[in-house]
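S.K.: Protein chains in written order, with our numbering: chain A, 4 to 390; chain B, 16 to 187.
Treat the hints with care, since some could be wrong.
[To be verified] Calculated cross-link-like contacts (lysine-lysine; reagent style DSSO-like; alpha-carbon spacing at most 27 Å):
| no. | chain 1 | residue 1 | chain 2 | residue 2 |
| --- | --- | --- | --- | --- |
| 1 | A | Lys389 | B | Lys130 |
| 2 | B | Lys67 | A | Lys382 |
| 3 | B | Lys26 | A | Lys374 |
| 4 | A | Lys389 | B | Lys139 |
| 5 | A | Lys382 | B | Lys88 |
| 6 | A | Lys374 | B | Lys67 |
| 7 | B | Lys64 | A | Lys382 |
| 8 | A | Lys389 | B | Lys57 |
| 9 | A | Lys390 | B | Lys57 |
| 10 | A | Lys389 | B | Lys88 |
| 11 | A | Lys382 | B | Lys139 |
| 12 | A | Lys390 | B | Lys67 |
| 13 | A | Lys375 | B | Lys26 |
| 14 | A | Lys304 | B | Lys26 |
| 15 | B | Lys19 | A | Lys375 |
| 16 | A | Lys59 | B | Lys136 |
| 17 | B | Lys67 | A | Lys389 |
| 18 | B | Lys67 | A | Lys375 |
| 19 | A | Lys374 | B | Lys139 |
| 20 | B | Lys64 | A | Lys389 |
[Claimed, not checked] Pairwise CB distance ranges (calculated):
| no. | chain 1 | residue 1 | chain 2 | residue 2 | range |
| --- | --- | --- | --- | --- | --- |
| 21 | B | Glu133 | A | Asp100 | 46 to 56 Å |
| 22 | B | Glu85 | A | Phe87 | 52 to 62 Å |
| 23 | B | Met22 | A | Lys390 | 21 to 31 Å |
| 24 | B | Gln97 | A | Arg114 | 47 to 57 Å |
| 25 | B | Glu85 | A | Arg334 | 25 to 35 Å |
| 26 | A | Phe87 | B | Met22 | 47 to 57 Å |
| 27 | A | Thr112 | B | Lys139 | 49 to 59 Å |
| 28 | A | Asp345 | B | Met22 | 28 to 38 Å |
| 29 | A | Gln41 | B | Met22 | 52 to 62 Å |
Hint data in this document are derived by calculation from the structure and do not stem from the laboratory. Keep in mind it's a predicted model, so treat the numbers as computed, not measured. We put the CB at the ideal spot given by N, CA and C, even for glycine.
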Amino acid sequence: MNTINLDYVSSNPLLPEVKNAMIEAIKKDYGNPSSAHQLGEEAAEEIEKAREKVAKLITASPDEIIFTSCGTESDNHAIKGVAFAKKDKGRHIITSDIEHNAVLKPIRTLRTLGYDTTSVSVDQFGRVKPDDVLKAIRDDTVLISIMHANNEIGTIQPIKEIAQIAREKKITFHCDAVTAVGVVPIDVHDLGIDLLSFAANQFNGPSGVGGLYIRKGTSLWPLLDGGGQENKRRGGTENLIGIIGMGVASEITLKEMESRINHLKRIKERLTNGLKENIDDIIFNGHPEYSLPNLISLSIKYIEGESIVLMLDEENIAVATKSACASGSLRASHVLIAIGRDYADAQGTLVITYGRDTTENDIGRFLEVLKKTVDTLRKMSPLYQKK
Amino acid sequence: MYSKTVMDHFKNPRNVGEIQGADGIGEVGNPICGDMMKITIKVANDRIKDIKFLTFGCGAAIAVSSMVTEMAKGKTLDEAKQISKESVAKALDDLPKNKLHCSNLGADALQMAIKDYENRKTGKVKEQDTTEGYHCYTEEESCKCPYCDSEMHAGEKACAMCGRKIEIKLSM
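Here chain A stands alone, though its shape is the one from the complex (with noise of 0.2 Å):
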């Protein structure tokens, strides 16, 4: 039987036409982008050709974005670049209490070398208040760094807000939009960002490849020094077979936008409904109007989420689960604790989602094996025997 990817946010499939696209490249063995012969040129070429696709994927210009490994490497170019190039300036940064790790490891690495922070607290869908960000501005605030979307509950920030204070107050933008770029439809402009990090493995391309954009006229130092690849932005000889399946992956999926939220619409109200209908004792997270339309977090009581990830496995369902359990550090998840649920809660928490190659069947056996599923771990459960 095939397995049913329910588990888009750690990774997608790729595109038939991103591996055609990265086969060939591969196939062509090209030389380094930097060289300054032929096959080194022919390099180079591809590079810039993907670069423009990328660029528009998120309406910026292609001077504006440069590549890098994944998501965690953008965020982390961002965060620590804008303090170290403003360490003149000041050093304080704000962030949210639910930012993904990728952005709460660095700043918490920056606090070690004397600078300070400020977390804003969210509400309980999991969303900022702006005036909340503007109070937390002090002279010295140097970067203010909030995510798009979130990775465990889909809560879409007031980011075009939060932009508009930052610019303001002349600090620094960041988003770490990982989520959200390639699954809704993001202008760099519109929103007024200044920096803005995403990743190919989030919208079907392929993992290891990443991307930053960098506004004109935005101060960042450097994360990798070295060579002079990415307009001196990041050193190191380029990714060339993942940037090239990268900008197939970005053109495709702004010519399916459209057609892919609807899709992605349709499949999360059949999903809503049908957990709401099948099973009982369930808490649905994140904001019900500001939220992704490809993820669906859900908490279901009295039981633990690696033993419904477990058993869903047997039955050829990948599924993520956001329980300490699971985690490596046996921690709760920061950002359910953050939005109040409680730790038993936390627990029993499944974060679902698809994309553009998950059916209605699909959703139609999830439903049926969780349901079973439920049963048989809350039979076992002291919890739900209590209740």
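Dock chain B against the given chain A, drawing on the hints supplied.
M.R.: Frame of chain A, contents of chain B only:
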């Protein structure tokens, strides 16, 4: 990640349920720790005649509970008292290192059920543990705040790092 034996017990757990009118009850853990187990036993002629478990927890926690009930069933109380975290982990062909402590509460629940049985028999009042919260497993072992992962010590009322109120208690 898990051994074949763990997956077998997880997929086909033995002795699931709760014995009505049990002779001994053992309950350990709480949802803050991530795992909770309840073991009920029926004793006849100093032998564990029947045993059942209920568990809230990960795959390892369920497999541990199932294995403990299988190991204890039919044993004399003295034999069952020899069942430890280590022997359960060994019988399961080992547990992942990070699960050795948190999910391996089955032996504790069994020992608590046996103690409960013996207390009832000798007319001792059941020692009630009313504290709710996160717990350390042994006095020497440090434990971590479930919210921010900072180290905590027995007796502390709140996490020194993040300030959240958490009561630390020893599990046994």
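S.K.: Each hint needs a verdict: does it hold in this structure or not?
M.R.: Going down the list of hints, with the structure as the test:
For the proposed pair A/Lys389 and B/Lys130, the alpha carbon gap of about 23 Å is at most 27 Å, so the pair holds. Restraint check for B/Lys67 and A/Lys382: the C-alpha separation of about 12 Å stays at or below 27 Å, so the hint holds. At roughly 16 Å between alpha-carbon atoms, B/Lys26 and A/Lys374 fall within 27 Å of each other, so this suggested pair holds. Among the hinted pairs, A/Lys389 with B/Lys139 is consistent with the structure: their alpha-carbon atoms are about 26 Å apart, no more than 27 Å.
A threshold of 27 Å between alpha carbons decides the hint, and for A/Lys382 with B/Lys88 the separation of about 21 Å falls inside it, so the pair holds. For the suggested pair A/Lys374 and B/Lys67, the alpha carbons sit about 24 Å apart, so the restraint of at most 27 Å is met. A distance of roughly 22 Å separates the Cα atoms of B/Lys64 and A/Lys382; the hinted pair therefore holds under the 27 Å criterion. Using a Cα cut-off of 27 Å, the hinted pair A/Lys389 and B/Lys57 holds, with the two alpha carbons roughly 21 Å apart.
Pair hint A/Lys390 plus B/Lys57 holds up; C-alpha atoms about 24 Å apart against a cutoff of 27 Å. As the CA atoms of A/Lys389 and B/Lys88 are separated by approximately 25 Å, the hinted pair is consistent with the 27 Å bound. For the hint linking A/Lys382 to B/Lys139, the alpha-carbon distance of about 32 Å lies beyond 27 Å, and the restraint is violated. Between the alpha carbons of A/Lys390 and B/Lys67 the distance comes to roughly 19 Å, so the proposed pair stays at or under 27 Å and holds.
Only pairs whose Cα atoms come within 27 Å are accepted, and A/Lys375 paired with B/Lys26 is accepted, the gap being roughly 13 Å. At roughly 21 Å between alpha-carbon atoms, A/Lys304 and B/Lys26 fall within 27 Å of each other, so this suggested pair holds. A C-alpha spacing of about 23 Å is found between B/Lys19 and A/Lys375, which places the hinted pair at or below 27 Å, so the restraint holds. A distance of roughly 78 Å separates the Cα atoms of A/Lys59 and B/Lys136; the hinted pair therefore is violated under the 27 Å criterion.
With a C-alpha separation of about 16 Å, the suggested pairing of B/Lys67 with A/Lys389 holds against the 27 Å cut-off. Note on B/Lys67 and A/Lys375: the hinted pairing holds, with a Cα-Cα distance of about 22 Å set against a maximum of 27 Å. For the given pair, A/Lys374 sits about 44 Å from B/Lys139 by alpha-carbon distance, which is inconsistent with the 27 Å threshold. Distance hint between B/Lys64 and A/Lys389 is fulfilled; the C-alpha atoms sit about 25 Å from each other, no more than 27 Å.
For B/Glu133 and A/Asp100, the Cβ-Cβ distance of about 49 Å falls inside the hinted range of 46 to 56 Å, so the restraint holds. Look at B/Glu85 against A/Phe87: about 59 Å separates their beta carbons, and that is inside 52 to 62 Å. The beta-carbon spacing between B/Met22 and A/Lys390, approximately 28 Å, falls within the hinted interval of 21 to 31 Å. Taking 47 to 57 Å as the suggested C-beta distance range, the pair B/Gln97 and A/Arg114 conforms, at roughly 50 Å.
Hint check: B/Glu85 to A/Arg334, Cβ distance near 32 Å, so the stated range 25 to 35 Å holds. Between A/Phe87 and B/Met22 the C-beta distance comes to about 48 Å, which sits within the given range of 47 to 57 Å. Distance hint check for A/Thr112 and B/Lys139: the Cβ-Cβ separation is about 55 Å, which falls inside the suggested range of 49 to 59 Å. At roughly 30 Å, the beta carbons of A/Asp345 and B/Met22 sit within the given window of 28 to 38 Å.
At roughly 56 Å, the beta-carbon separation of A/Gln41 and B/Met22 lies within the given 52 to 62 Å, and the hint holds.
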